[in-house]
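Quick mapping for you: the protein sequence lines, in order, are chains A, B, C and D. Just so we're aligned, residue 1 is where the first sequence starts under our numbering, counting upward by one. Just so we're aligned, residue 1 is where the second sequence starts under our numbering, counting upward by one. Just so we're aligned, residue 1 is where the third sequence starts under our numbering, counting upward by one. Just so we're aligned, residue 1 is where the fourth sequence starts under our numbering, counting upward by one.
By construction, these hints were calculated from the structure, which means they are not laboratory data. There's no promise every hint is true.
[Stated by the list, open to error] Below, in silico cross-link-like pairs of lysine-lysine (BS3-like), each with a Cα-Cα straight-line distance of 30 Å or less:
| no. | chain 1 | residue 1 | chain 2 | residue 2 |
| --- | --- | --- | --- | --- |
| 1 | A | Lys256 | A | Lys382 |
| 2 | A | Lys529 | A | Lys514 |
| 3 | D | Lys149 | B | Lys190 |
| 4 | B | Lys310 | A | Lys529 |
| 5 | B | Lys105 | B | Lys212 |
| 6 | D | Lys175 | B | Lys23 |
| 7 | D | Lys149 | B | Lys235 |
Quick caveat, the model's predicted, so the values are computed rather than measured.
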Amino acid sequence: MTERIGVYVCHCGSNIAGVVDVAEVARWAAENLRDRGVVIARDYKFMCSSAGQQLVTDDIKEYDLNRIVVAACSPHLHERTFRTATARGGLNPYLCELVSIREQDSWVHTNKAAATAKAKALLAGGVERVRRNEPMEPIKVDINPATLVVGGGIAGISATLEIADAGFKVYLVEKDPSIGGHMAQFDKTFPTLDCAACILTPRMVAAGTHPNVELLTWSEVEKVEGYVGNFTVTVRKKARYVNEDLCNGCGVCQEKCPWKVPDDVFEVGMGRRKAIYTPFDQAVPRIPVIDRPNCAYFKNGTCKACEKFCDANAIDFTQEDQILTLQVGNIIIATGYDLFDARRIPQYGYGRLPNVFTSLEFERLCSAAGPTNGNIVLRDGKTAPKTIGIVHCVGSRDKNYNAYCSAICCMQSLKFAHLVMERTGAEVTNFYIDIRTPGKGYEEFYERVLEEGGHFVRGKVADITDAARLPGEEGKLIVQVEDTLTGKQRRIPLDMVVLSAGLQPRQNAKDAAKLFGISCSFDGWAIEKHPKLDPVATMTEGVFVAGCVSGPKDIPASVAQGAAAAARVLGMIQQKQMNLEPIKATVHAEHCSGCRICNTMCPYNAISFIEAEGVSSVNAAMCQGCGTCVAACPAGAISGSGFSDEQVLAQIEGLLRLGADGEPLRRTAYPATHHEAIEEAVRA
Amino acid sequence: MSPAAKPKVAAPAAKSAAKSAAKPKLAIFGAASCGGCDIAIVNIHEHILEVAAAFDIVLWPTILDGKYSDVEAMADGEITITLVSGSMRTDETVHLAKLLRRKSKFVVAFGSCASEGCIPGLANLSSSKEILDTAFSTSSTDNPDGIRPVWEYQAPEGVLHLPEFEPMLRTLDQVVDVDYTIPGCPPESKQIWAALQAVVAALNGTGPLPPKGSVLGAGESTVCDECARKRDVKKISRFVRIQQVAAFDPEICLLEQGLPCNGPATRSGCGALCPAVAAPCIGCYGAAEGVVDYGARLMSAYASVVEAQKPEEIDGILDGIVDPAGQFYRFSLASSLLRGSKAAWNDGEKQ
Amino acid sequence: MSAQAPVAPASTEGATPAASPAEGGLFEPVIIGFTCNWCSYRAADLAGTARTKYPPNIRLIRLMCSGRLDPTFILKAFSEGADAVLVSGCHPGECHYIEQNYKALRRFQLLQRTIQALGIEPERLQLVWASAAEGVRLAGEIARVTEEVRALGPLNWPAARLVDVDGVDLDAAWEATGGDAAGPPEKAGGANPDHAHGNHAAVVEAVK
Amino acid sequence: MERITIDPVTRLEGHGKIEIFLDPDGEVANAYFQIPELRGFERFCVGRPVEEMPTLTNRICGVCPEAHHMAAAKAADAVYHVDPPRPAKLLRELLYSAFYVTDHTTHFYALGGPDFIVGPDAPAAERNILGVIGKVGMEVGGQVIQARKNGHNVIEMIGGRKIHPATAVPGGMTKGITEEQRAEIEKIGRWSIEFAQFSLKIFDQIVLGNDAYKEMVLSDGYTHRTYYMGMLDEKNKVNFYDGRVGITSPDGTRVGTYAPAEYRDWIAEHVEPWTYLKFPYLKKIGWKGFVDGADSGVYCATPLSRLNNADGMATPLAQAAYERMYETLAPKPESGGKRIIHHRLATHWARLVELLYAAERMVELATDPEITSPNVRTVPTEKPTEGVGCVEAPRGTLTHHYWTDERGVLTSVNLIVGTTNNYAPIAMSVKKAAETVIHKGVVNQGLLNRVEMAFRLYDPCFGCATHSLPGEMPLQVAIRNSDGEVIEILSQNC
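The following block holds chain A by itself, in its conformation from the complex:
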């Protein structure tokens, strides 16, 4: 087929035309690219306008065009627009190429001659490339309506319920014995101060009892295979030693168990639990777990108290880990965050100075269900503090630890201040860098705390010590800080200090990202497909993120993301099928020697080696189209649609048609074509 190419050069008002001589570019294309198949070249004010698009659609019919090149803005903005216009004209949309002469030319260069010359070169590149474009059809895959949600915190629960309520199956996997996540450990939630348990528990229960939800607590995802719409997930269900079908959650086993163990998880080391336990009273499911390392029976073969007292005969010491295989169409990752370990800042004395607490410890202190039944007391468990300091940004906004802002600590600290003043007569001092209250009712809450008489010292705390130097410091914690408002160094003696520790990615975040085939930042936060426009999708089709896994968020944001992710998943379930970009690698078996160089190229395991035929092959649906295997194949047996060797090599020739001065770079335009010409000559 001989190419008949239409070229359209956009003025973009003056955005392009102000620097690039668009008319000259179009004229040049019409005259000098005729031998390359250009039959018409136009320049137009706004190609993206409906009139501009119409130009393309009409010319396709009028001039019998079979290729389109639009020189305008970045393809990331309008590629789809012009592909659609091309399709309206009756051509395959992939026979349209965009050339960026705005972002990559008029907006970044000032010399008009040079910019015009560059525009011509870029256009020539586009023309050469489009000559080699192939019609392509998007790849359709079926969507399995079942969904996997990983992480039973508030974000995961929200997502789960949205999907389940819409009538579709959800597997909710949680590594702890109960769902609920961090929120379950909180006392009150800012700024409304409703009790965390009161608002969370109903949703936990709803999730736990929902007919469409299969709860897999005390479980972890071990393997993810497949691709959007068709994932196969391997889950390890750890042994509880309690038969879930028999157990009625009466709790007698926990009563009777004679072995108390410090609770490092839920009570962050401040409380104790039994060797058989549910993390907290409202746990969902209410089925306890035997803490094998601390269970007397497992340690020395005696006891079995729980078994004796269990009327349901649910105790099963022989239980083993189960490996489950789930088939799902989409995955939502809501694995949350870890709290910054305050021990990493030795000068704050956490772990050394008993009355330095972390925010999570303080949450438990405040909680009526907590170790002190809600009494705010010192580590001794009885003395009520008269003065309390709250240090903001611990481990956040600090190049030595985490450079980012943890988003929630300001409001959390204000909440603490309020609770202290509400429940004790103690005096509260906040040590802050900036107070950040971006959120509905947040600033008002700040005002309220101010009115309540909370003190605020603006400055980064340098040191917390119990070494008294001045009178009145004896037996106290002294907070050393520079008050940046007064410019004075201050030593403030306090009874108790709360460190508002920041949020950071789960320590295994990077492995998790690999497991699910998504990418994460240096810190370890999951990277969204687009931070603004597509915040819950990832670069991997069918894998979504919700809550703090992609960065610090407060509860409302996490809930919203859970719902958003659910909405995205439901959308795909509704379509039943989805289109994948046809940018894929294909192995041409007749050329493949089975050298297996490509086998290790694919991070999505889309390449497999077929022993029987001794060739490798690419699973199109799993292929993400990066083209690494195409470039790696020593036999040139793998082709990459959309970015084929032919397209790129041709584009290079086009780009190098002109020198920087706009003059031909070589005596003759296209060696390749030249050879074609000679072959014709010889055949003739």
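We have chain A; now place chains B, C and D onto it with these hints.
Quick look at chains B, C and D alone, frame taken from chain A:
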């Protein structure tokens, strides 16, 4: 060009034209070659007689007699098919290649030299001056006056001419249009015979004429396809040199054992002879179907499976390839995208 | 609206009005840049949106990933007359496709060794990591590379320019393709068309 | 002055080119034998890893790649100061002997032999292998083809490929051979012995049985008294693969022997501006131009030279053939004490004696108990530096000399290639033949043939020098008057 090159003699031409007009005419011509290609043809053994029967061999200077002058006097396209082995090294070779192109219906680039430049193409790493200087100043050369061959020399009795040494070695298709290619250094005799049979069949109308540009007498894939060694996924944590290992595992892919084997990138057709005798493929069958630059493909493949992510670790492994230019362009430098070193090009332009 | 008439009498290329960028007679290199769709190409877009200025000598090609980068592309660019090639991709550890940029890094390091063995200065092939957010940085790197290459002078690889004289009769070829195909090429110089030396010289004159 | 250009039709291919100048009386004033091509291996091998030289230098010559393969491997051994295990050396020499059988067979029947078998005055069109078959019968043709097949099969068994073998590496070989292969090779060896004897018989009948031929062989036109070079084993018998190189003077004195590494004490190369090939000569005697005799450094390295230089052959049947040859052509020792044959055409006979030796040697090696040992490699432990490797190529002593850096990458290369040794003698023989037959400017068909024979007996392998096939130089004589106009063209198949 020496005057002797173009004697105007009609007689022999007329004769050769008359001679068996029925049979298709075959010419076999060696440019700058080692003669291995001709030996490979002779090594089709008794079949050579069938070739002699099928064709009227009008030129095969290395084996039978024949006259340049006859060729000159022939009509354009009178020779049905010409096999050219050897590369373009002097202005005279280029001239004869063009003559034969004119006189032939089909021209075949026969063997590695003609199709990709072969080992002698490595000359394109140096300037022609460097090459002459080296050859005529070796440690055993007695040349106090620094004498160099000159293309025109005034001997006491008269003028002597030498063909000019071109600044760069070129492949046949860089000089004339080529219809078919038969790769290999040299092509395997059984492959030659197969290709000749195909051509004969086509000429008798009993078989299809291969499309122009086809590669004959070779496979569509690469050497690994024919290699009996077991292959696994590739992970190279170190490159070894053949003399460093007393014996390689006879079962396992040599590249997996760290020996830089060119098999993955080299066109199949030889039967993987070298890996079969525990020697690495050196790439004499050239690039696989449709590959633009052999060396680039092999570089990409090797680098892709190097087991390291830190630049210094990567360099540590790559140090195992002591001669990148030779490793990746041993046979194909003259036909590669760059075709030679900057030094060679600059020298070429100066002249 | 102004719609350009499709057909017009053939005229010579590069009839660009106004001054050439080579003001002050500086050597203006042509640089080909390979960018990753997810990071460096977006960085270039960002540089545009932010109106960050950089020299016009670079011409970018978009690939889906630096892992797609085939050394063939780079050698092709050199052979077609590029003075330098800039390769860019996501920062190590941030590859959109998880780890493909490491493959690009390894190919780059090996190709560096090979082109140096062929006498090409290492500065003519450079690798720059740039995230989607680093528009300004990318612009700065482009400026730096442009200056370094300007200082090196033209690479001016003759291979591309010699293709047509390599054994084909230009006139015949052009007649065969209806003459004005891609604009009439200059005739290969040298008294004796078979005389490669003559040709080389002629080519250089024609280009310089 | 009138000029005759004896010019291979394939002159453009880089074959030799002969220019004969006649003086005004039409007598030969001078003859120039030009080699019009160069490939530059000595330059572009620099920078390559030394272990690649056996395969790289194969490509110097597709006719005798085995010679370069072996010389390169031996030089690489020397560079690494490593001594390959005995089985490896046996394998190399076995491959090499099989190659000799093939190569000498090819030359005698297809290239040089036809001059005699079909007859020097037969039309050139018949003086080729087909003509030979016509003369002595189809089954001989079959045997010749069989001999070549056999040889190449042995080469492939040991070397991996029929042409351009691949298995010789620094420190030995990449692999050994199986018992099945050994048995096959022994069988081929025994067959080859019979074939060689049969070939000698043919030579007897056709050449020695014909007084005209004998006379031609002994005629002064084909006689030169130069120095002779060849490789000797420890008993001073002819050896192809290893040993010291001996030099014998025209008067039959062995003036000395040298270890390959000392080659530069004995050999230097002279340069002329009208040819791309250099002229090696004996350094101790010096370059005196294209003249023979004891005062001229010109020497000859051919089958005949090897026999002249040696005390005989190392195998019984070959020794007998050697005796017979010398009884026939040089019954008396020269003043220096050795029997020397200066008649160049006897080279064909010498070649057949070597053919027989090579065949016998094949069997010796194939029946050595160690030949199938898997111990074929010694891994080098020393730092690579410099090394010389030397073998007897069928067309003369072949020397490779490498220098490397500490990584074993070549920093310098020097090659003195088989045929090159004989460049000066060939030029002299051509001139002499011309002088004998050209008088008063009269040139005829016979001239061409005589000159071609003088040239062809050396079996000159311009694959080594300039890469055309040995001896294959169809000739064309352009006779021009002093204005350079062609007044007549003679060529072999007119």
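Results for each hint:
no.	hint	verdict
1	A:Lys256 <-> A:Lys382	holds, 28 Å
2	A:Lys529 <-> A:Lys514	holds, 16 Å
3	D:Lys149 <-> B:Lys190	holds, 13 Å
4	B:Lys310 <-> A:Lys529	holds, 27 Å
5	B:Lys105 <-> B:Lys212	holds, 12 Å
6	D:Lys175 <-> B:Lys23	violated, 47 Å
7	D:Lys149 <-> B:Lys235	violated, 42 Å
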